[in-house]
Amino acid sequence: MTGGSGIEDAAIELLQKGSLPISELIDGIDALRHGVTRQGVYRVLRKLKLEEKIVIHGKSVSLNIQWLRKMSEYFSVAQYYYSPKHDNPNFFLNLKEHEKVSLTFKTLLDLDIFASHVIHMLAEIIGEHEPVFVFNPHEFFSYGRPESEKMLFEAMQEMKKQVFILSSHENPLDLALKKQFDGTRVQYHIVPIVPFDKGNYYFNVYGDYLLEITLDKNITAALEAFYVKTPVFDEQAEKELFEIFAHKSRHKLVITRNKKKTDTYKKFFSKYFYTLQENRG
Numbered sequence: 001m002t003g004g005s006g007i008e009d010a011a012i013e014l015l016q017k018g019s020l021p022i023s024e025l026i027d028g029i030d031a032l033r034h035g036v037t038r039q040g041v042y043r044v045l046r047k048l049k050l051e052e053k054i055v056i057h058g059k060s061v062s063l064n065i066q067w068l069r070k071m072s073e074y075f076s077v078a079q080y081y082y083s084p085k086h087d088n089p090n091f092f093l094n095l096k097e098h099e100k101v102s103l104t105f106k107t108l109l110d111l112d113i114f115a116s117h118v119i120h121m122l123a124e125i126i127g128e129h130e131p132v133f134v135f136n137p138h139e140f141f142s143y144g145r146p147e148s149e150k151m152l153f154e155a156m157q158e159m160k161k162q163v164f165i166l167s168s169h170e171n172p173l174d175l176a177l178k179k180q181f182d183g184t185r186v187q188y189h190i191v192p193i194v195p196f197d198k199g200n201y202y203f204n205v206y207g208d209y210l211l212e213i214t215l216d217k218n219i220t221a222a223l224e225a226f227y228v229k230t231p232v233f234d235e236q237a238e239k240e241l242f243e244i245f246a247h248k249s250r251h252k253l254v255i256t257r258n259k260k261k262t263d264t265y266k267k268f269f270s271k272y273f274y275t276l277q278e279n280r281g
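In my numbering, the protein residues as written are 1 to 281.
Treat the hints as calculated values from the structure; they're not laboratory data. Treat the hints with care, as some may be off.
[Stated by the list, open to error] Straight-line Cα separation of at most 25 Å, PhoX-like style, residue types lysine-lysine; simulated pairs:
(1) K100 to K259
(2) K96 to K260
(3) K96 to K259
(4) K261 to K271
(5) K239 to K229
(6) K229 to K96
(7) K248 to K106
(8) K266 to K198
(9) K160 to K266
(10) K239 to K150
(11) K53 to K239
(12) K271 to K260
(13) K198 to K217
(14) K239 to K17
(15) K70 to K106
(16) K106 to K266
(17) K100 to K260
(18) K70 to K17
(19) K248 to K178
(20) K106 to K17
(21) K47 to K239
(22) K239 to K70
(23) K160 to K178
(24) K179 to K160
(25) K239 to K96
(26) K260 to K198
(27) K248 to K53
(28) K198 to K248
(29) K70 to K248
(30) K271 to K100
(31) K49 to K17
(32) K266 to K252
(33) K229 to K179
(34) K17 to K248
(35) K47 to K70
(36) K259 to K160
(37) K229 to K198
(38) K217 to K229
(39) K271 to K96
(40) K49 to K59
The whole structure should be built from the sequences, with the hints applied where relevant.
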């Protein structure tokens, strides 16, 4: 008799390509793990549902997209930090003026995981009253990685830092984000015409550190199409955006220490945001 873990592995393997009627899933598991019983499969499915690994809807079953996202992030983080060439993941903190480091990532998910780490570290070392400046043509990370974004904003709040987010699009999903930010600690402003907007160019400024992201052009096109056609971020939209995040691509991240360039960006931002009295050093 095949053990429960064997049935679990078979179920997850079969559901990788999409949802299945329970009857077809049972037949597929039987083909992979001979000798299973229907009772045994149902017992494992109940366990997987309690663990939030699958979702059962009517007579069909599918993998839980939230669990998929967590597992994808888990393995991406492990792969990054166990890679020999990244023995010191905080190497960017030692950059001198005009020095830079360039990295590439195969998915948006991989990019966001490492960028979030960089952001946390840089926010810790900049001046106490320094705001954080963010240019995102689309603030898609707030939709695609809400847990990660929430953690970042909470960390900034604990450090009493203001975050100034500049966007350059006015699609429904862009406009809807205004309600998520308080307008003081986190300020979000849309400026349709931005001189440095290249469509796939995103950046963050932390003191005199500049974190620049150049997205894969195919992914940029996919994101643009997604924003144009999506009026509301519902379950279907979440699924589509997750697929974009997981799609194999090539994104570039450059971390530079360049006071002249960061000062130029800060000056541009100053026209649209205000600094709280307590943060005016």
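Those earlier numbered hints the structure runs against, lowest number first:
6, 16, 19, 25, 30 and 39
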